[in-house]
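Enquirer: Please take these sequences and the hints and turn them into a complete structure.
Protein chains: 2
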Amino acid sequence: MSHDRAAVKAVLEGARAAGRASLTSTESKQICDAYGIPVPREGLATSSAEAATLAADIGYPVVLKIVSKDILHKTEAGGVLTGLGTADEVARGYEAIVKSARAYKADADIAGVQVQQMLPAAQEVIVGAVTDPSFGKLVAFGLGGVLVEVLKDVTFRLAPASRDDALSMIDGIQAAEVLKGVRGADPVNRDALASLIENVSALTADFPEIHELDLNPVLATKDAVAAVDVRILLAQELPEPRPRPSQEEILKSMVRIMRPKSVAVIGASGEDGKIGNSVMKNLINGGYQGEIYPINPKADDILGRKCYKSVKDVDGPIDIAVFAIPAKFVAGALAEIGEKGIAGAVMIPSGFAEVGETELQQQMIGVARKHNVRVMGPNIYGFYYTHENLCATFCTPYDVKGQAALSSQSGGVGMAIIGFSRSAKMGVSAIVGLGNKSDIDEDDLLTFFEQDNNTQVIAMHVEDLKDGRAFAEVAQRVSKQKPVVVLKAGRTALGARAAASHTGALAGNDKVYDDVLRQSGVIRARTLNDMLQFARGLPILPTPKGENIIIITGAGGSGVLLSDACIDNDLRLMRMPDDLDAAFRKFIPPFGAAGNPVDITGGEPPTTYRNTIKLGLEDERVHALILGYWHTIITPPMVFAKLASEVVEEGRAKGINKPIVASLVGDVEVEEASEYLYDRGIPSYPYTTQLPVNVLGAKYRWARGAGLL
Amino acid sequence: MSHDRAAVKAVLEGARAAGRASLTSTESKQICDAYGIPVPREGLATSSAEAATLAADIGYPVVLKIVSKDILHKTEAGGVLTGLGTADEVARGYEAIVKSARAYKADADIAGVQVQQMLPAAQEVIVGAVTDPSFGKLVAFGLGGVLVEVLKDVTFRLAPASRDDALSMIDGIQAAEVLKGVRGADPVNRDALASLIENVSALTADFPEIHELDLNPVLATKDAVAAVDVRILLAQELPEPRPRPSQEEILKSMVRIMRPKSVAVIGASGEDGKIGNSVMKNLINGGYQGEIYPINPKADDILGRKCYKSVKDVDGPIDIAVFAIPAKFVAGALAEIGEKGIAGAVMIPSGFAEVGETELQQQMIGVARKHNVRVMGPNIYGFYYTHENLCATFCTPYDVKGQAALSSQSGGVGMAIIGFSRSAKMGVSAIVGLGNKSDIDEDDLLTFFEQDNNTQVIAMHVEDLKDGRAFAEVAQRVSKQKPVVVLKAGRTALGARAAASHTGALAGNDKVYDDVLRQSGVIRARTLNDMLQFARGLPILPTPKGENIIIITGAGGSGVLLSDACIDNDLRLMRMPDDLDAAFRKFIPPFGAAGNPVDITGGEPPTTYRNTIKLGLEDERVHALILGYWHTIITPPMVFAKLASEVVEEGRAKGINKPIVASLVGDVEVEEASEYLYDRGIPSYPYTTQLPVNVLGAKYRWARGAGLL
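First to last, the sequence lines map onto chains Y and L.
Reading the first sequence from the start, the letters are residues 51 to 759 in this note's numbering.
Reading the second sequence from the start, the letters are residues 51 to 759 in this note's numbering.
In case anyone wonders, no lab produced these hints; they're calculated from the structure.
Glycine included, each C-beta is placed from N, C-alpha and C at the ideal position.
You can take every hint at face value.
Stretch by stretch, here's where chain Y covers chain L in the computed footprint (C-beta under 8 Å, at least three residues):
1) 457 to 463
2) 466 to 480
3) 603 to 614
4) 678 to 688
The calculated DSSO-like cross-link candidates involving lysine-lysine, where the alpha carbons are at most 30 Å apart (straight line), are:
5) K202(Y) / K230(L)
6) K202(Y) / K272(L)
7) K595(L) / K692(L)
8) K202(L) / K272(Y)
Expert: Here it is, written out as C-alpha cells:
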C-alpha cells in the first residue's frame with residue numbers, strides 16, 4: 051500500500067496554519083485517501099444533474115445530505131435522504147432536499163448536496179490511534195456498539211503495526227468470534243480490515259502530530275471495509291523525547307558497569323552503620339576480585355585499603371563509582387567521576403525526585419550527561435552481579451550464582467527478591483535496583499543481559515516505564531533469545547487521563563501495558579510471587595519442542611486440579627494416541643483412568659511411577675510432563691523424588707530433554723522431596739497444583755512468543 | 051403475583067397425553083399467562099372484521115401472521131404484515147395475507163390470521179430455565195444477541211429465585227451497565243424484569259416436568275417486558291431423588307460419628323503395616339479417650355486391648371465402626387454394625403465404585419440404609435477430630451487443635467491438607483475424607499460443623515456434588531454463621547451435555563457452580579493453596595465492621611502491589627478523610643505519600659510503624675488494615691513483628707478488634723517475623739503482596755454474603 055506523505059503533510063500544515071487542533075471531515079477524508087484507508091465514496095453536487103452524475107459514478111444506492119454551515123440539524127431540516135436507487139430518484143431528491151432546507155431556513159447559505167455511497171448492513175468495528183505518554187503511538191481495535199463500550203473489549207499495538215500484529219488484533223478481542231460470522235452471518239473481510247489497521251498505524255507513526263484518531267464506526271462486510279466517521283485530533287506540542295544512546299553505546303557502558311574491573315566507593319567509611327561502610331564491607335566480604343578504591347577526603351585508610359581524596363587521585367582506570375554521600379554533594383562528585391572517565395555511577399543516595407527534589411535530580415543528570423556517565427538510581431539499594439562476586443550495595447551480600455537476572459523499581463520489592471532468593475536458594479546472575487530511573491532503566495539492562503552468557507532469564511518489577519517505546523523495542527528483540535518476565539505494578543486504569551476521542555477514553559493504562567508487553571514477547575507475571583517463581587523455574591526448564599503435554603498422577607484429585615491449571619495457563623493436554631494409551635495401560639492397574647491425565651492410582655509401587663514417567667519421557671510425541679505425586683507408604687516422597695530424578699537423568703544421557711514439573715501432595719516429607727527434585731532440574735512444589743503449571747505455562751508463553759513453537 | 055397452577059397442570063397433562071415433549075406456542079403462551087410472564091397480546095382472527103376488532107382490543111400497531119400448518123415459511127408466502135396502525139389497514143391486511151397464502155399454496159389449510167401486539171424497539175434479553183443434574187432447577191438470565199452468545203455473559207440462580215436473587219442477576223452479568231441505559235438509551239424496567247425472572251423460576255420449581263424453558267428474546271423497555279418467543283421442553287422422566295434424611299436425623303447421627311464416645315475397628319490387626327493396625331495405633335497414640343474395641347474373629351487381644359469377634363459381642367454402646375477389611379466382606383460386617391445400633395461406618399476400604407464396582411457399593415449402601423447406618427466413604431483415609439484427640443485414619447496422626455474443619459473428596463488432596471497443616475502449624479478441628487460419597491457428603495458435614503463450637507470455618511475440596519441442591523440449601527444457612535470455603539475442582543465446561551434449548555447450551559457446568567456457590571454464600575477458592583490459606587487465616591481474622599480499608603506501608607512499591615491486590619479482591623481503599631490524613635502526616639516524613647496507601651517511607655524507625663498502626667486501629671472510621679513491612683536496619687523484622695503485635699494487643703484490651711493482615715518483604719528474617727505475627731492473630735506472609743489481601747478478601751466476601759456488611 052503506497053502512502054502519499056506529501057498529501058497528508060499539506061493537509062496537516064493547512065490545519066495548523068488555520069490554528070485548528072481538529073481536522074474537518076473533508077481534511078480527514080483526504081488523509082484517509084492518502085493512506086489507503088477506505089471511506090465511503092462521495093462528492094458534492096451543486097445541481098440535480100450533477101448529483102445524478104455523481105451517483106452514477108459512486109454506484110447505487112446513495113445517500114443525499116444537505117451541506118450548509120447554517121444548518122446543524124440536517125435531519126430536522128429535511129436535509130437527508132437515504133436509499134436512492136436511480137438517477138431520477140437522485141435528481142428529484144436533490145430538488146426536494148434543497149426545497150426543504152430553504153423552507154427550514156430561508157436565508158441559509160447552501161453549499162450544495164453531498165452524494166454519498168450507501169453501505170450495506172455490516173458489522174461495526176472501531177479502529178483508532180492514541181498517543182500514550184510512555185509507549186507513544188498505539189493503534190487500537192475493537193467491536194463497535196454499546197456492548198463494547200460497556201465491556202471495554204479493545205486491543206492495542208505499537209504503531210506501526212505489522213500485518214501479523216493487525217491480524218492478531220482481529221483475533222485478539224474477546225468477541226473475535228463475531229467477526230468470523232456467527233448465526234449464519236458472513237465473516238468480515240479479514241484482509242481488508244487488517245490493511246486498514248496497518249494503514250492507520252502507519253499514518254500515526256509517520257505523523258507524530260496526529261495525537262488521536264478515531265474511525266468509528268468502520269463498517270466491515272465480507273467484501274470490504276469503510277470508515278464512515280473519521281475524527282483526527284492534532285497534538286498541541288510534541289513531547290521532548292527521552293535521550294536514547296545507540297545500542298552499541300549502551301552496551302559499551304553497561305558491560306563496564308555490570309562487570310567492572312574496578313570500583314570506587316564515593317563516601318567510603320570505616321564507621322559501622324554508615325552506608326559507605328556497608329558498601330565497602332559487602333564489596334570486600336562478597337569476594338570481589340577487582341580493584342576497590344575507597345574515596346573520602348577525610349581518611350587515609352579504610353578497612354585496610356588506601357583511601358583517596360578524589361577519584362582523580364587514583365592512578366588506574368575505574369569502571370564504576372558507588373555513591374554513599376548525601377544528595378546535595380552528589381553533583382559535585384559526579385563531575386569528577388566524569389572527568390575520570392568512569393562509565394557508571396551507582397546512585398544509592400535518596401533525597402531526589404522521590405521526595406520532590408526534581409531539580410536536584412535534573413541537575414545531577416545534567417552533569418552525568420555532560421560527561422557521558424550512566425547513572426543507576428538514585429534512591430536504590432545498589433546491585434549484585436554474582437558471577438563477579440560483586441555486591442555493590444548496602445544490603446546483605448548474596449552469592450548464590452545462577453542464571454536469573456532480576457531488577458526492581460522499588461527497594462521493598464528488591465528486598466523481597468533478596469529474601470526469596472536466599473530462602474529458595476535461587477541462583478541469580480544479578481539483582482539490580484532501578485529506583486528513580488533518572489537514567490539507566492529496563493531497556494539498558496535488557497541490552498546488557500541479552501549478551502550476558504550468565505543470564506538466561508530476566509525478571510523485572512516495573513511501576514512505570516519511563517520510555518515504554520524503547521523498552522518494547524529492546525524487549526521484542528531480547529525475548530526472542532531469553533525469557534523476559536515483567537511484574538507490572540499499578541493496575542488501576544488511568545482514570546484521570548484526558549481523552550478527547552473515543553479510542554483515547556478506551557486506552558486504560560493497564561490494557562495498553564498488557565497488550566504491548568505481549569506484543570513484545572514479554573511474560574507478564576500477575577503477582578510478586580509468580581515473578582519470583584518464574585525467575586527461579588524458567589532457566590531450569592528446557593524449552594518445549596511442541597504443545598503435547600501429559601499429566602501423570604498418582605492422585606486422581608491432583609489430576610483434576612492440574613488439568614484445571616492447564617486450562618488457566620492455556621496449556622493443551624495431549625489427545626492420547628491409542629498405542630500410547632495402550633502402552634501406559636500396561637503399567638497401571640486396570641481401574642486406572644484412560645487418556646490424559648494418566649491416573650496410575652494411589653496404591654502403586656515405585657516401579658509404576660518409574661515406568662510411566664520413562665514412557666512419557668521417551669515417546670517423541672510427548673513434549674512436556676506434569677507429575678502429580680501422592681504420598682503413600684508404598685512410595686514415600688524421597689523414593690519418588692529419587693526415582694523421578696533418575697529417570698530424567700537417564701533420559702538426559704540419551705539426549706532427551708523435556709520440561710517436567712511436579713506437584714507433591716502429602717505430609718511434610720514432600721517438602722524435602724520437592725527441593726531434591728528442584729535441585730535436579732524438575733521444578734517441584736509441595737501442597738500446590740497451580741504453581742508447577744503456572745511455571746510451565748510461563749515457559750510455553752515465552753516459547754510461543756519467541757517463535758519456537 | 052398469583053400463579054394459576056391448575057391451568058399449567060392442565061396444559062402439561064394435555065401435552066403429555068398427546069405424547070409431545072415440547073409445547074406448542076399456544077400452550078406456552080397459556081402457561082406464561084398462568085404465571086404472570088408477560089407475552090405480547092395476541093389473538094386468532096378468522097375474518098377481516100374479527101381481525102380489526104382484535105387489533106382494537108390489543109392496541110395499535112399490530113402484526114398479522116398467517117396461521118396454517120401447511121405453511122412453514124410465513125414470510126416467503128407473503129403471510130406476514132407489520133406495523134398496521136388502523137382498523138382499515140388491519141382488515142385489508144387480513145384479506146391480502148389470506149390471498150397471498152392461497153396463491154402460495156392453493157390447498158393450504160388456513161386456520162386464520164394471528165393478530166399480535168407490535169412491541170416498540172427495546173433491549174433484547176434472554177430468560178430461561180434448565181434442569182441441572184446436581185442442582186436441579188436453575189433460572190438463567192443474559193443479554194440477547196450475538197455478543198452474548200459469543201461472550202457467554204449469562205448468570206444462573208437456583209429456582210425458585212427470590213426477588214433479591216432476580217435483581218442480583220440483572221446486576222450480575224458483565225454487561226449489566228447496558229440495562230441501566232448507555233449512550234442516552236432508557237434503562238430497562240428493573241421491576242418488571244425481576245418479576246418475570248421470579249415467575250419463570252417459580253414456574254420451573256413448581257413443575258419439575260418442565261425440563262428446559264427459553265424466553266428468547268424478552269424485549270425490555272423502560273415501561274415493560276414481554277417474552278416474544280417462548281419454548282418449553284418437557285422431561286421424559288424425572289430423576290430419582292437422592293435420599294435426604296431430615297436435618298435433625300442428620301445431626302443426630304453426625305454428632306455420634308464426629309464425636310464418638312466409643313469406636314470399633316473392624317479388621318483391627320496387631321500386625322505392622324496392616325491398615326487395621328495403623329488405625330488402632332492412631333486411635334491409641336492419638337490420645338483418644340473413649341472406648342476402643344478391636345474387632346477380629348482371629349485374635350483375642352490387639353495392642354493390649356481385648357479383641358471381639360463381632361461388634362455384637364461388645365457390651366456397651368458403640369458410636370462408629372472404622373472398617374479395615376477387604377471390600378467383599380464389608381456388606382456382611384455392616385449388617386452386624388446395623389444390628390448393634392452403631393451410627394456410622396468409616397469406610398476406608400477401596401474396591402468400590404472408584405474401580406467400577408458400582409454394584410458392590412450399591413449393595414453396601416442398601417445394607418446401611420436398611421439399618422440406618424451412615425457411611426463415610428468408601429475409599430477414604432478416614433477422618434480426624436482433634437478436639438476429641440480422634441485420629442480415625444490409617445494416615446499419620448495430627449493433633450494441632452484449631453477452628454478449621456476441612457474435607458476432601460480425593461485422598462491426594464487430603465494428604466495435602468495434612469502436610470500443609472503440619473507445615474504451617476495450622477490448628478484444625480477436623481479433617482475428613484469423603485471419597486466416593488456413597489452416603490455422607492458435604493451437606494451432612496456442614497450440618498454437623500454448623501453447631502460444632504470447635505469449628506469456625508469449613509473448607510471443602512469438591513469434585514462433584516452428589517446433591518448440589520441439598521448442599522446449596524444447607525450452605526446458604528450455615529454460611530450465615532461460619533465461612534464455608536469450596537475448592538471446586540474440574541472447571542472444564544461440561545461440553546458434552548445434551549442441550550435442546552439455548553439456555554441449556556449456555557449452562558456450562560462451571561458457570562453454574564460459580565453462581566450457585568455465590569448464591570449460597572460460599573467463598574470459592576481458585577486454587578488448592580488458596581483453600582488451605584483461607585482455612586488457616588479466616589478463623590483468625592475478626593469480622594470487619596465496614597468496607598473502609600487502609601494500607602500502611604514502609605515500601606511504596608509494596609503499597610502499589612497491595613492496592614492492585616485490593617482491586618483483584620474487590621476491596622475498597624478508604625477515601626482518606628482530611629483530618630485522618632493530617633493525623634497520619636504528623637507521624638510520617640513530609641515526603642511520605644498522602645492518602646491511602648499511607649506510605650510512611652522506608653527509613654523510618656519503629657515508632658513510626660507503631661504510631662501509624664495505632665492510629666489506623668483506633669480510628670473508628672477505619673475497618674481493616676493491610677500492613678506492608680519493608681526490612682530495614684532501623685526497623686528489623688522481629689522489631690516490627692513485636693511492635694505490631696503489641697499495638698494490636700493493646701487495641702484488643704480496649705475492645706478494638708479489626709482484621710489486620712501483613713505482607714513482609716525483606717531478607718529471610720521476615721519468615722520468622724511472619725510466623726510470630728500469625729501466631730498473634732495477624733495473618734502475615736513473606737515475599738508476597740497478594741496472599742494477605744486474598745485472605746482478607748475472602749473474609750470480606752464471607753461477611754458480605756452473610757449480610758454482616
